[in-house]
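Given chain A's structure and the hints, the job is docking chains B and C onto it.
Chains as they are written, first to last, in our numbering: chain A, 23 to 243; chain B, 12 to 399; chain C, -15 to 377.
Each hint should be verified, as a subset may be incorrect.
To be verified - Result set (DSSO-like, lysine-lysine): computed pairs, CA atoms no more than 27 Å apart in a straight line:
#1 K161/A to K334/B
#2 K383/B to K211/A
#3 K382/B to K95/A
#4 K160/B to K191/A
#5 K24/C to K193/B
#6 K382/B to K191/A
#7 K160/B to K161/A
#8 K65/B to K211/A
#9 K382/B to K211/A
#10 K193/B to K94/A
#11 K33/A to K24/C
#12 K220/B to K94/A
#13 K150/A to K193/B
#14 K193/B to K211/A
#15 K33/A to K41/C
#16 K161/A to K378/B
#17 K95/A to K193/B
#18 K54/C to K220/B
#19 K95/A to K378/B
#20 K211/A to K160/B
#21 K161/A to K382/B
#22 K378/B to K94/A
#23 K150/A to K334/B
Everything labelled a hint here was simulated from the structure, so no lab data went into it.
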Amino acid sequence: MAITSEQNILKQVDGSATFQIDSTKVISSVTGPINVIRQRNEEPTSAFLSICVRPASGLPSTRESYLETKLKKIITPMINMEQYASTEIQIVVQILESGEREQFTCMELSCAVNSLYLALLNAGISLKASFLSSFCACKDGNIIVRPRMNELDFSTSHHVSVFSIVDGKSDELIYSDSLGKTTEDELFKVLDVISNDINKINESVRETILQGVVNDYIWKF
Amino acid sequence: MSEIDGHIQLKSTIFLPSELAQIAPDVTLNKYINAGYRPSLRRFNEFKPVIISKAGISRYDTSINGKAEEMNESTSVIGSSSVKCGETSAICMISAGIIEDDFEAVNDYRTRLDADIIVDNDKEEIENVLGGELLSENGCVYPVVEIAKGSTGPPGDEEVELGEKLFETLLHSGLINRDELKIDIGLKSIDENGDEVILKGEEANIQKKFSFVLYARIQVFGRTGPLFDQCYAALIKALKDTKLPDVYLNERESSLRTRTGKRNANVNIQTYDLVCDQVKYRELKLRNDRICWASTLGIVNVKEERHDEEGDAEMSESNHIGKTIILSDLEGEAEDNIMKRIIALSNGNDEFASITIERGTGERLTKDVIKKALKLSQVRASDMIKKL
Amino acid sequence: MPSTDNTLPIPNILTLHSLFSSNPPLRPSLRPLTEPRDLKISIINKDNGNIEIKLGKTYVSCKISAIITKPFEDRQFEGIFNINTEITPMCSPLFSNGGGNDFSTSAPAIIPKTVISVEENEDNGNDVIMGGGAMMGLGVDQTSIEIMLSRLIEKAVRRSNALDLESLCIIAGQKCWSIRADIKFLNYDGNLIDAGNLAVIIALLNFKKNDIEIIGNGEGSELVIFDENQREKVGLSVLHIPLSVTFQFFSTESIERNIKGEKGVISRKIKEDSDDEDDVNDRMEVDNDEVGVESESRSSNEIIIVDATSEEELLSQGSMTITLNSNKEVCQISKSGGLNIEQGKILECCTIASKIVDKWTKQIKQVLIDEEVKNRDLKIEKELSVVNDRRTS
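So that you can see chain A by itself, here it is in the shape it has in the complex (with noise of 0.2 Å):
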């Protein structure tokens, strides 16, 4: 299944990136640090993150809402935040394509991650560590990793992982979410073959990344 993903394609924000997983495609944005919006966000002592995610089709619900939720677990301790004190990092999360039903959100999800990660280094943020997500699905003891739409519907249980990356490997796990009948083998499995998918993942994204430095220099001898 094709990864695509590409940087710096929004002009007016401080970075951006798209991120496609076969028909799940994402665009993100930061804009950040600049003063906060809304005085009684102000934090002292960190920055805070707005997180906004606007459906493909439709007007945001409950189901943006809680994705905007789950986007801010695995977001903050990504990001340096005591670095960017009373400030805020706005992020904007527009889905274009979601390639599942609405009852699913896992692709979504991953997408999201990984296109996030792009447009924060794009907007040179100060991270912790890189990470990347991936899903699969589960269906008799088989896992299908990255499944498509009807694989998933036909599955028994779903997961989600973000794993952070040091040198170029997966390494450890920062959030993961299971749904449907499951087993803590299976569990464990899974957080295997998402870890190794992930690194697969890797491989392309840095190809965007490296083309995304070599598009941003400027001063070219």
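Same frame as chain A, but now just chains B and C:
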């Protein structure tokens, strides 16, 4: 201040424990844990007692006095429960609506397919079209969580998160069989003798299919610790208690109106008069192996205090791996700030309906810790599910 | 209030002003005044009408979705068509978040509709969620300007009957298609109206919905939806292609002088020592010049440009949007406030707009033809399936 004498005296400020917990929750927690206790004075893996009971406010509940005839006729609640845990109580009420299966089905491509078009060997394709197991088999409840906070207004992030998480876990856990929600609709008619009869199945010959949609309204009073565990318990308990009314179509009322529109076209508007029986009901059956208990566990990394050997010795006995301690039933200001959490929904039988792991900040989250946490949640679940 | 730290570079505005004041007036990009920027159309997903367009650096994405619902009580023979526009800070930090997420309840969003519940008040024809933000030059009232943006697109596409609503009706009074267009503004570099309009139309032209059939009639009739593997999807019936062209007006005169003839007979005129904007020592005098004469002498000072960039929009003193189709029919004209312009100019603008619309229409049709050719090759094995060409171009 004058600094004539050349030196400034630094005074140590003394805070009350409750104040310190607000100012520096991590420091407070560390102090307690080094002493071998939690701010609530519970042990690390000690759970709080939970009181689960029927609220007895639903329609088909017989009144408390035990008189069978007296029903709560005025209410539309068809299942209820109350869960009390420490200072927090949650009340869950289930109500239902009726939908015409048609609309929903059409948009999920689960409608009847034209047999002529599909060749026999395309079975797989049919399955794809019909939608997966999940959508055709798993029914769901649409929960609304309200946390009493003394003011009205749009729901906060916490309420939205709780509602969505309940919805998501319940849908994917497959607790409710979708077929359970289908309505075996009867036709209310008058037979030759002039008595009211209710025709079912073939006799009734009703083309339209209807099913129930369940709504849950969970009200939470008090706010100590993660509310998800209690909300989930309340929801499951209320669903176990849910009784679905018998529904029939009123023959006289179901009419076909014809309205003449512009350009000589006619519009047929069929209205259905669906009546829910006052007395007759059936129980909502749940898949028993999918009934779970949610445990939110916090994980803390302890910074050892160099001089405090006593506390350290005590800890090695208690439940912790290396320097990592798993705390159950988080409670209070200091523990609310633990971002490293594992939320596991176990059925007490080696199976889970959902596992969420949030790393948060601090030390690495090791496999051992996860295993230990899952084990703890299983022990708790096997104990609590009996009480549901 | 949104912070303006990293928004438009202010010094450029001054440069821009001096360029416009030159004779002949120039645009910073040296683009002719009445020429739009390059339009790039990319079709992301041919079937669900997901498209992206780029008008210069303005970047808009549009997606169409279709579901089957019950038609409105008062419009039983028609389908439903909604356009939803939303501007997020992604577009530019000038815009704030669309009011945050204030839901009426915390219930999950995908609740199915009940049949016996009280009739919902569904007549929210204008599903508009907008944040605040300054745009189109006159950043007087942020939200009102944003609502204007979505209304304009709505008027241009929905009210001009570009989409044949009657063709969306399946069973009168019972079932109809509900088509929804979601316009997402991804990058803001001026002229969101034209870009949004283009995006919706191109998306509608590309969108294909599943084929349906009604089996049986009367009470026992059943609606069958066919999967794309069973029957070719069918396009929407788009009756014509209305496209908007937005003009921005500038005047090198000071604001006070632009008001030609106030309520009374006596008009105010400002005598200036020089034409320099920065000259603050303007003196005001009552002048008894006749209105007509004055406007005559002033008209040459108006500069009209099309497809303004964000910098140009910021400086603009007034705007007008004309929506035309390729038959040279005016579908909508909107000029609300701003710089007063002479009536004759509007006809001039129409001529300019007509040329641009022709150019864009040609380009859109070319893209559609190219896409068709691409798809034919892929689906050659499906030649056997029933294909009814229901598209009208």
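Results for each hint:
With a C-alpha separation of about 37 Å, the suggested pairing of K161/A with K334/B is violated against the 27 Å cut-off. Between K383/B and K211/A the alpha-carbon distance is near 17 Å, which keeps this suggested pair within the 27 Å criterion. Among the hinted pairs, K382/B with K95/A is consistent with the structure: their alpha-carbon atoms are about 22 Å apart, no more than 27 Å. For the hint pairing K160/B with K191/A, the CA-to-CA distance comes to about 46 Å; that exceeds 27 Å, so the pair is violated.
Between K24/C and K193/B the alpha-carbon distance is near 50 Å, which puts this suggested pair outside the 27 Å criterion. Distance check on the hinted pair: K382/B and K191/A sit about 23 Å apart at the alpha-carbon level, within 27 Å; holds. Between the alpha carbons of K160/B and K161/A the distance comes to roughly 43 Å, so the proposed pair goes past 27 Å and is violated. Of the supplied pair hints, the one linking K65/B and K211/A is violated, its CA atoms being roughly 40 Å apart against a limit of 27 Å.
With a C-alpha separation of about 13 Å, the suggested pair K382/B and K211/A falls inside the 27 Å cut-off, and the hint holds. At most 27 Å may separate the alpha-carbon atoms for a hinted pair to count; K193/B and K94/A exceed this at roughly 39 Å. Proximity of K33/A to K24/C is assessed by CA-CA distance (about 17 Å); at most 27 Å being required, the pair is judged to hold. Taken as a hint, the K220/B and K94/A pair is broken in the structure, with Cα atoms around 42 Å apart against an allowance of 27 Å.
Of the supplied pair hints, the one linking K150/A and K193/B is violated, its CA atoms being roughly 51 Å apart against a limit of 27 Å. Among the hinted pairs, K193/B with K211/A is inconsistent with the structure: their alpha-carbon atoms are about 37 Å apart, more than 27 Å. At roughly 8 Å between alpha-carbon atoms, K33/A and K41/C fall within 27 Å of each other, so this suggested pair holds. Proposed proximity of K161/A and K378/B is supported: the alpha carbons are some 23 Å apart, at most 27 Å.
With a C-alpha separation of about 38 Å, the suggested pairing of K95/A with K193/B is violated against the 27 Å cut-off. Distance check on the hinted pair: K54/C and K220/B sit about 16 Å apart at the alpha-carbon level, within 27 Å; holds. This hinted pair checks out: K95/A and K378/B have alpha carbons roughly 20 Å apart, not beyond 27 Å. Between the alpha carbons of K211/A and K160/B the distance comes to roughly 43 Å, so the proposed pair goes past 27 Å and is violated.
With a CA separation close to 22 Å, the supplied pair K161/A and K382/B stays within the 27 Å bound. Proximity of K378/B to K94/A is assessed by CA-CA distance (about 24 Å); at most 27 Å being required, the pair is judged to hold. A distance of roughly 22 Å separates the Cα atoms of K150/A and K334/B; the hinted pair therefore holds under the 27 Å criterion.
In summary, the numbered hints that this structure violates are 1, 4, 5, 7, 8, 10, 12, 13, 14, 17, 20.
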